[in-house]
Each structure stands twice: as structure tokens, then as C-alpha cells.
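The residues making up each chain are set out below.
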Amino acid sequence: MKKLLQVKHVEKYYGNKNNLTKAIDDISLSVNSGEFVAIMGASGSGKTTLLNCIATIDRVTSGNILIDGEDITTLKGNNLNKFRREKLGFIFQDFNLLNTLTGYENIALALAIQNISAKEQNDKIKAIAKTLGIEKILDRYPYQMSGGEKQRVASARAIVTNPKIVLADEPTGALDSKSSKALLETFERLNQTLGSTILMVTHDAFAASYASRVIFIKDGKIFSELNRGDDSRKTFFDNIIDVITLLGGNLNDAC
Amino acid sequence: MLAKLAFKNIKKSFKDYAIYFCTLILGVVIFYIFNSLDSQTAMLRLSESTSSLMRMMEEVLSGVSIFISCVLGFLIIYASRFLIKKRNQEFGIYLTLGMSKRKISTLILLETLIAGVMSLVIGLACGVLISQVTSVFVAKLFEADMEQFAFNFSIAATVKTLIYFGIIYLVVMIFDVVMVGKCKLIELLQAEKKNEKIRLKNPALCIVLFLASVAMMGWSYWAVTDGFYTVISNRPLAFILVPIGLGCVGTYLLFWSISGMALRIISSCKNIYGRKLNSFTFKQLSSKINSMVASISIICVMLFMTICLLSSALSIANYFNNSIQKYASADMEVEVYRESETQKATDFEKIFSENGVLDDMSDLVTVSVYSDPNFNYGDSLGLALEEITAQYPYITFDAPIDIMSSSDYNKLADILQMESAKVGANEYAIVVNYETWIYSRTLELDSKMNIFGTNLSPNGSKIVDGFNIINGGAFNMGFFVVPDGIIKNEVPYKDFAVINYFTQEHDDQVELNEKIAAINYGGSGVSFDSKIRIKENSIGLSAMATFVGLYLGLIFLISSAAILALKVLSDTIDDREKYNILRKIGADEKQIKGSLFKQELIFFLLPLVLALIHTIFGIKFCLMILETIGVTTLLGSMITTCIIIVLIYGGYFIAAYACSKNML
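Chains H and U are the protein sequences, given in the same order. If you count the first sequence from 1, you need to add 13 to reach the numbering used here. If you count the second sequence from 1, you need to add 630 to reach the numbering used here.
Extracted from the complex, chain H is given alone in its bound form (with noise of 0.2 Å):
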């Protein structure tokens, strides 16, 4: 399989001389074409970094970042912006929704940066809404949607420019548990039937065995790797469990 995104030796440091914090300490990893990979971690291990430098938000202290054969640690600028809304999408854990813009306004807008014609953006909205089931809130104003709904347009207009690589900061953060069902069924979805490679950051073990792969971060580093290959979810969510265990236990002192 094609390897879509790869990460070389990426370190990041923070603070000054005196005070230095290693965010992420010589990290190595690669995600390919059509894969779901959620990335484990407590809070402060890490990887909210880890996903901010992929996602060209924040720029590493040494090392690469490949995505598709480029290598973004050394773009800048304009081409960075470029490279953002071609190649990127992106879903937060508080949705970064605009208020003032309808839902289907909001997925609109992603595609209006690429200067994609008004009628193209339609079509492209519609399919994207009918797989996602928002067709019927798409006219609403996000404080008339419910965080589940919210969410759920949020994806789409991640996903709506056709991007390589979807980038997930704990998007069910914000939820409550039968919305976070509802939106991790989406994104599996979306990665099987859609073949969207999807790179997820969460603390929750329940979203991280919807992905095909789960990687461990431990203060800055990789810990572990668990592949889901042919288990059942629960199976899965156990295998998780049990790594957590092995970390520390304390994996989900934040929820």
C-alpha cells in the first residue's frame, strides 16, 4: 500500500535553555492511503502536537513531515495555505463552526477558497450531506444543531474538497455518548465506502476501536502499536483496554 503520510524523526521542543520540555521526542510513524489511525495519549503526551505539526498549524524542531511524496516541514506561506485546503481536512473536538453562516453555508466556504463554482459546490454538498445524513439540517444555523449535528457538518466540510488526509482532534470530545456512536459509525463509513484516510487523536479507548490501527504516545514517544486486523471492535476495545492498563492506567484521567 502506498504510504500517504510519513513521519521522520520529528521532535518538538518547547520553552527555552533553561526550562526545555520535549512535546515530542524523536517520533516516527507512517499512515497509508485508506487507513483509520487513532493516536492514544493522556493529556500533555503529546499528541495534540503531534497532530498541529501535520496539520502545518505548528512547525516541528527537527525532522519531516511527508504527506503524499512533499515535504511540509519546508513549506511556507502561501504554498502552506495551498497545500492546506488541497491536501487537508480538518475536524476539531469544539467544531470551529462559523456562527454566522448556515450549515450548508459552512461547507460551502471550504470549497469557495478553492474558487470551485457556485454550482459545483452544490452538487458536492448534497452527495456529501446524503451519505452523512445532514440533508435536513443543512439550512439551520449552528446554535440550532445539536453538538452531534454540529459535528456531523463539521466532518463534511472536512471531507467535502476531497482531501488525502482527514485530521481528527478529538472530535468526540465534545459529545455525549450516543452522538459519539453516531459520528465514529460516520467516519467508519466514510473510510470504507468513501476510502478517506482518516488520522485520529483521542484520549477515549471507545473511538480509538472504531480505527483500523492505534498508535500509544507516552510522553512524547511512541509506546505502542495495536492493529485491529480481522477482530471484532469488542475484541478490540479490550486489546485497547489492556495496553491502557500496561500505560499506566491513567489514560482517561481527563474524561
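Quick caveat, the hints were computed from the structure, so don't treat them as lab data. Hints are not guaranteed to be accurate.
Facing chain H, a subset of chain U residues (Cβ under 10 Å, in silico) [to be verified]: (1) I714; (2) S917; (3) A1217.
Small disclaimer: the values here were computed from a predicted structure and weren't measured. Backbone N, C-alpha and C fix where the C-beta goes; we use that ideal spot for every residue, glycine too.
Take the given structure of chain H and dock chain U to it, following the hints.
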């Protein structure tokens, strides 16, 4: 401790609120300059009549100052409400840390005090410096000689500024303290997360109100221009407030309905709406406008008043400066009314020579004026009388109209630099220069007139532009010029002398004028007018108009611009998160800045555009009033006004955009 915190807070937020501080300082500067006119003119040599005008003007300006300080007070309260709202979370943190509300109030009090003292000190310092420059301008306006440049500083104006602004800041403090007192901790802490709701307006209601507002404004426009006489006839003059009031209500309703409708219209143009960040830009703009329809309407009206005030004021000043050159084209004029029909003509040359003033005169022209008891104003208007009576119901037209012989008039035309009147054997000419009367006279240009029993026909189809009495403007309502033969046997009712002096020195001319006025001419009555007196009178009016117009206009302008700029800045702070989202979904910095620019530009332009539309009609109305004193065009002063507006309003826009761009 609190003082230290207050200082730190001000220092921290100084960059964000530089525009607010600058507006405060500007307000103080303008206030000081206009209230220190007495000391600015102290070293000017002013004649007695000018200085009494000066005193009157000071009184008017100090009355205006009270109004101005109310406007500034509202502006500062409005602005400080923005600033307090911005800091809700900060206050929330103080409260959770155990600071009492009273201490927070004290903190705000201290901050307002520091900001107030700072703006007053800087503003007064700038005011004193700038008033040195404006005093030169004032001297020019009064055409007074500046004997020497002297540093001027007005203690009275300083004290007044301190008291007025002290009161304003005191009121602001009370407002702020009350506002903080009413806050709830939970609201303070969650202020930033508050959901903004999109208020959707009923489209049918929007259309109805839009049509209503257009109708209201249309009627008001008509009522102050073409329909003015129809509307005002048989009603008290105060009725003019009705179209003005309706215009204001119409403005509000228009902004209200437009802010509801425009978005619907634009969002239905999918190709425009769906391009780049347009959907975001328009939504932002519409929420900005929706949240301050009332303020925008007030700003629009203030801008409208600014344009009208400034252009009228400047044109009055300009007009008098120019018209004195044109219409007071001789140094002195003496009119002597004859006692009876038998009295002989006044021999001016002999009288002046006897009194020893003849040698000082470079020109002396004497002419006579006749009147025919059977030929009055009404007769002279012919069929146009009916229309004119309808327009001016308060004027009676049964006084006899002046008549001059063509040789006398042409003598006058020569010395007063006017066009001469050519009349044939049985012809007459009308000489008139008062704008509204030129129109009335044109209505009956080809009628025959019976003057002193002879039927005369007009000398062509043109009115002669001229006058026979020197004046500050074009105020000649009309007199007739007839061939010498017609009045050969008639007796004039007055004679007058038009005089130019050799000397152009102000003091010498004043002395000569006094000498001439003291002479006994005989006759039933004598009247004098001199260029110097006309100048002094009209300077008072033009200076008053200029000062009041500039004072109000500038304050309105900076108030409007400052409110818009503060709104833009506080919105940018609120919307930072939104711009971050745009960045995250891949929008270029160029696109983001472009969106911000478009939002702010349209936001600033909207009230200005409507104000300009109002101005088209408002200026016509101003012109209608100003025509009565002889002003016929406002074009020049409107250009000056536009430059002032572009500089100040545009300056605020650029400053607001630059500041908000840096905040992103």
C-alpha cells in the same frame, strides 16, 4: 495596588484603543480652540463694531459648546461601553480571585480618571499649539491686521474645557460603575462563548418598511425642495421640522429593512455569494449592521448635517469675501432725499469742496433717482404679480419703484464697474441682481410699461445685472432705466453721490467717512454707506457661520467616524476566533485581509452613501435659504467639504483597518 493595575491596564490596551484616545484628544483640541477665540483675536486690531460682533459670536459659540459637550458625552459613554464589554472576562477573573465589585468599580474609576487626565493634558497642550496657527486664519477671516505674532493662551477656555470634560468623565464613571454593578459573574466569565444568534427579519415586513421608508424620504426630499412652498404655505414655519423628522425616521427604517433584505438578495446570487469568502464577508457585515441600525442611522444623519453645515458655512464666508469686492465697489455713498418737489438738486461737489474733503476724492459721481406714483412694484411685475404674490404672501407691492435716466445709470455703471444699459428712444431696461427677483423679472420680460405717461417697450430680452446702492451682496430687487427724454421734466426724489478715495488706508478712510457723515446736506433725510462698514457687517456674519459650521461639522464628523471605528475594532476582537477557523480551513492571509477590508469599507461607506443622497436634496434646501442672502452656488465649498470628509472620515477608516488587521 489598584492604581498600579489601572496604569498597567491602560498601557496594555493603549494600542487597541489608540483610536479612542485620539478621538478624546481631538475632541479636547477642538473644544479648546473654539472656546479660546477671544484670546486668539486679542492682538488683532479690531474696530468697535467688529469687536462687538466678536462678543456676540463668543456667546453663540459658548451656547453651541453646551450642545457639543452633550454630543461628546454620548460618544464617550458609547465608547466606554464597548471597552467595558470587551473586558468582561477580565472582570470575571478579578471577581473569582475575590476582588469585590466595589474594588472593580474603583479600578474602572481610576482608569477613566487616568485616561481622562491624559487626554485632557495632551489635548490642551495640542490645542494651545494649534490655536497659534488658527489665530492666523482667524485674523485673515476678520481681515484684521495682525500687528505682531504673540503667543496666546486662554485661561478661560482652559478652565472651561476642564470643567466640561470633567463633567463628561464624571458621568462616564457613573455609567461604568452602574454597568459593572449589574453584571453577573457567570455572564462575565462566559461572555466570550456567548452564541450570537442570527436574527432573521420577516421578509414581507422588510419590503413593506422599505417601501414606506422610500416613500417617506421621497416626500421629505420633495417637501424641502420643489414642494417647499406648497407644503409651507398657510402653515407655521416650524412645519419644516416634519419633513426633517420624517427623513430621520425614513433613514432608520431604510437601514432596518435593507439590513434584512440585502443579505437575502445577495445570497440568492449564488455565483457571487459562493465565491471565495464572500458568504462569510456578507454575513459578518449584515450582523455588524443589524446590531447597530440605530447608531448607523444617527451617524448617517450626522454626516448629512456635517456636509450641509460645512458647505453652507464655507460658502457664506467665501461669498461675502467675493461679493464685497463686487457689490461694494465704491468707497462711500451719500444719499440725500429731497424735501419737496421744488428743492434744488444737492450740489455735492460744492459741499465737499467747502468742507475740505473734495481733494481726497479720486472719483465723485452724482446721480438722481425718480419715482412715478402711478407706477409701483406691482405694476412693474405685470402678469407675473399673481405668481409672485402666491410665493411671497407677506410682501406688498404697492410702493413706487425707482427709476433712473440712462445717462445717470451709465455714469454709475462706469464707476461701479457694471455693464451699461442701452435703451432706445421708447425703450426701458430693468436692472436687477437679486437671485430670486431675476427669476420673477424674467417672467414678464416682453411687456410694455407705462412710465411717466409714456408707453415703453423692453430694450431686448435681457435683464441688466447691476445695482445703484453699494451693498454686501446682490440685493437689488430691481429698478428701471429709461431714456433721458422721458424724465426731462420730472423731479427726482433723491440724489446721491458715489465716491472713491485716493487713500486705501483703513484708518484714513474711516476718518474721511466720519467727516462726510458730519456734513449738513439739507434735504429731508440723508443716508450713508461705506465699503468699510459693509465689510465689517458681513465679516461678522461670515465669521459666525464659518465658526459654528466648522465647530459642529468637525465634532459630528469625528463622532460618527469614531463610533464606526470603535465598532469595527471591538468586532475584530470578538471575531478573532472566526478568522482562525478560516485559516484552519485553508484561507490565504490575502483572502482574510481582503474580507476584513471589504467588511469595513462597506460598513463605513453605507451611512456615507445615504448621507450623500440626502445631501443632494439638503443642499438644494440650503441653497434656497442662502439665495435670500445672495449665495448662488455651493459647488466650491462642497469640494472643500468633501476634502475635509475624505481626510477625517477616510483617516478614521484607514486607522481602523490598520488596527484591526494587526489584531488578527
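Quick rundown of the hints versus the structure:
Because the closest C-beta pair between I714(U) and chain H is about 23 Å apart, greater than 10 Å, the hint is violated. At a threshold of 10 Å, the smallest CB-CB gap from S917(U) to chain H is about 6 Å, leaving the interface hint in force. The interface hint given for A1217(U) is met, as the beta carbon of that residue sits about 5 Å from the closest beta carbon of chain H, less than 10 Å.
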